[in-house]
Amino acid sequence: MICLLLFWEFFKIGLFTFGGGLAALPFLFDLSLRYGWFSQQELADMIAIAESTPGPLAINMATYAGYHTAGIPGSLVASLAMVLPPLTLSLLLCRLLRRYADTSWLERSFWGLRPAVAGLIAAVCCSLIDLALAADLESGLAGGADPLAVLLFILFLPAVFRLKKHPILFIAVGALCGMILQL
Amino acid sequence: MKPWQFFLIFMRIGVSTFGGGYAMLPILQHELIDKRGWLQEDELTEAYALAQCEPGLICVNTAVLLIRPRFGLLPAVVASLGVVLPSVLILILIAAVLYRYANLPLVQNAFAGIRVAVAAIVVHSAWRLLKNGVHDFASGLLYAAAFLLLLFDLLNPVLIIIMAAVVGLLIQTLRAVRKGKAVRK
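So the sequences go chain by chain: C and X. My numbering applies: residue 1 is where the first sequence begins, and numbers increase by one. My numbering applies: residue 1 is where the second sequence begins, and numbers increase by one.
Don't take each hint at face value.
Claimed, not checked - Below, a list of computed lysine-lysine pairs in the PhoX-like style, where the Cα atoms sit at most 25 Å apart:
#1 X/K131 x X/K181
#2 C/K165 x X/K131
#3 X/K131 x C/K164
Note that these hints are calculated values from the structure, not bench results.
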């Protein structure tokens with residue numbers, strides 16, 4: 001039963017994420033609110049793991065979330081559900097494209113998706129900052145910030161923006177700092 | 001060219017792309033054009049560009065759009081399964097290990113630090129997406145609407161995406177019609 005629900009939810013994510021990678025994040029946050037499958041905190045950890053392993057971010061997150069919810073069958077179901085919509089749509093589109101070469105309508109509807117996806121990710125950003133900096137996870141940032149975490153964040157921001165290094169590096173440094181400072 | 005060859009090649013591509021679809025292009029070039037000569041350069045760029053406009057995993061879209069026209073259905077399906085299989089297996093392994101050690105204080109401290117790094121990384125991605133996606137008043141409005149609707153949990157992401165696609169299609173069609181009229185005058 002849980003596998004059926006997993007399939008349905010991740011199928012929807014596969015169908016409605018545009019632009020790859022982080023685009024699946026808003027949907028996963030929505031899942032964490034609606035089901036008790038994983039917490040927002042676990043989702044933040046999941047992003048780090050997905051960024052540090054090969055392959056598409058969305059699949060990594062589907063596998064991890066599926067495992068979290070229903071073990072190995074869950075992870076297989078969730079990742080398969082994620083693959084099916086792009087697979088079938090692309091197969092259909094291949095045929096269509098040969099018949100109708102004009103894809104301007106596709107580009108036109110995509111025009112509205114780019115800013116919307118950016119807005120959704122920005123909202124997720126707020127939750128992630130809240131999770132990372134709050135002193136107490138239950139009450140969030142409203143209940144006060146962890147000064148060490150805030151300091152670390154202020155140091156990390158310019159580093160991530162200026163140095164065009166792979167996210168893995170920052171994640172590793174973050175893990176080290178966390179262990180040393182006992183965050 | 002047997003289907004299992006496509007499976008192996010795309011599995012290799014799946015293993016070697018850290019950070020998702022965008023890292024895929026140079027490896028595809030190397031494996032399918034330079035090394036084997038199975039495809040032309042323009043076929044690759046065309047399929048890759050189109051794959052970004054479709055919903056879902058960019059790597060699966062690229063695999064299918066690339067393989068299906070030339071090599072048929074089975075190689076296309078096999079290639080898209082191959083490209084995701086390595087990450088699924090790796091993630092199952094990591095999840096299993098993490099489950100056992102998640103409660104150790106040292107691991108928890110590490111993840112607290114990692115969460116700070118992740119927040120900074122996603123802020124950076126969000127900033128880049130903003131720069132690429134918002135050009136004018138209308139797209140700024142769509143950006144703000146999507147941001148607020150999700151932040152205050154007023155609408156679920158699926159509906160926000162559908163709304164944005166419809167609004168975008170309307171605005172762009174309207175603009176195209178207006179431009180057409182101006183040209184005719």
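Hint by hint, here is what the structure shows:
no. : hint            : verdict
1   : X/K131 x X/K181 : violated, 31 Å
2   : C/K165 x X/K131 : holds, 20 Å
3   : X/K131 x C/K164 : holds, 17 Å
Of the numbered hints given earlier, the model fails hint 1 alone.
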